[in-house]
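K.L.:
In case you want the letters, here they are:
2 protein chains.
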Amino acid sequence: MKYSPVNFNNKFLKFDEQWQPKVIAEMNDYQFKIARVEGEFVWHDHPDTDETFIIIEGTLDLEFRDGKVTLNAGEMFVVPKGVEHKPVAKSECKIMMIEPKGTKNTGDVQSDLTADNDVWV
Amino acid sequence: MKYSPVNFNNKFLKFDEQWQPKVIAEMNDYQFKIARVEGEFVWHDHPDTDETFIIIEGTLDLEFRDGKVTLNAGEMFVVPKGVEHKPVAKSECKIMMIEPKGTKNTGDVQSDLTADNDVWV
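Residue numbers (the numbering used here), protein chains in the order written: chain A, 8 to 128; chain B, 8 to 128.
By construction, these hints were calculated from the structure, which means they are not laboratory data. Mixed in with the good hints there might be a few duds.
Which copy is meant is left open, because identical chains are indistinguishable; a pair holds if it fits in one copy or across any two.
Here are the simulated SDA-like pairs of lysine to any residue, each with C-alpha atoms no more than 20 Å apart in a straight line [said to hold, decoys possible]:
1) K9 <-> T110
2) K111 <-> E24
3) K108 <-> F84
4) K88 <-> P107
5) K88 <-> M8
6) K111 <-> M8
7) K101 <-> N16
8) K101 <-> I63
9) K21 <-> M104
10) K97 <-> D36
11) K111 <-> N16
12) K93 <-> L20
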C-alpha cells in the first residue's frame with residue numbers, strides 16, 4: 008500500500024486566504040487544521056473543548072482577558088476550554104490547530120471571520 | 008496571569024534518553040509527547056486509537072506490514088488504530104506524538120522498550 012507523509016509546507020502552498028482553516032489530517036474524532044493568519048481575530052471561546060495552537064512559521068500572540076502569550080515557530084500552546092482568547096498576528100503567521108472535528112473557528116461567536124468547517128486541502 | 012509557550016527545542020534539552028516519551032502538554036484527554044528515537048523499535052499497534060507522529064528534527068521511517076512512509080522534519084502522519092507499525096530511525100530523530108492519555112508506547116506488546124507512561128518534562 009502507498010503511504011504518504013503530510014507535509015506542512017506543501018499544504019500551505021495550496022491556498023493563500025487567511026483565517027480559513029484547512030483540514031490536513033484526522034486522528035480519531037480530532038482534526039489537524041492549518042491556517043494563514045494576519046491581523047486581529049475576534050474574541051471567542053470554545054465552551055466544550057481545549058484548542059491546540061502549533062506555530063509552523065512566524066509569530067502569533069494569543070491574547071487573554073488577563074494576559075497574553077507570544078508564540079513563535081517551534082512553539083505550541085493549549086487554550087483551555089471556556090477561556091476567551093483572541094489570536095493576533097502582526098504579519099502573516101502559519102499555524103496548525105488541533106481540536107475535535109466540528110469545532111468552529113469563532114466558537115459560539117458568529118462573525119464575518121466565521122469560516123466554513125471541514126474544508127480539506 | 009502568566010502564560011508560557013511550550014517550546015519544543017527547550018523541552019528536548021531537558022533529557023537525552025531515547026525511546027522514552029515525555030509529556031509536554033495536554034488537550035482534553037489527549038497528550039503531546041516528545042521523544043528522541045534512534046534505531047529500530049518493536050512492531051506493535053494500538054487497538055483502540057489512532058496515533059499521530061510529527062517530526063521535529065531528523066528522519067523517521069514508519070514501517071507497516073505492507074509498506075512504509077518516510078517522514079522528515081515538518082511532516083506528520085496519523086497511524087490508524089489497529090495498524091501494526093514499527094518506527095525506525097537511522098540516526099537520532101526528534102519526534103512528537105499525540106494520542107489519548109494512557110496510551111503505551113509499545114501498545115499491547117510488552118518489551119524492554121516499553122516506557123513509563125505519563126512522565127512530564
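K.L.:
Against this structure, judge whether each hint is valid.
P.N.:
The hints, checked one at a time:
no., hint, verdict
1, K9 <-> T110, "neither (30 Å within a copy, 26 Å between copies)"
2, K111 <-> E24, "within (17 Å within a copy, 39 Å between copies)"
3, K108 <-> F84, "both (19 Å within a copy, 17 Å between copies)"
4, K88 <-> P107, "both (12 Å within a copy, 17 Å between copies)"
5, K88 <-> M8, "between (39 Å within a copy, 16 Å between copies)"
6, K111 <-> M8, "neither (34 Å within a copy, 26 Å between copies)"
7, K101 <-> N16, "both (9 Å within a copy, 19 Å between copies)"
8, K101 <-> I63, "both (5 Å within a copy, 16 Å between copies)"
9, K21 <-> M104, "within (17 Å within a copy, 25 Å between copies)"
10, K97 <-> D36, "neither (32 Å within a copy, 33 Å between copies)"
11, K111 <-> N16, "neither (24 Å within a copy, 31 Å between copies)"
12, K93 <-> L20, "neither (26 Å within a copy, 31 Å between copies)"
Taken one by one, the earlier hints fail for this structure at numbers 1, 6, 10, 11 and 12, listed in ascending order.
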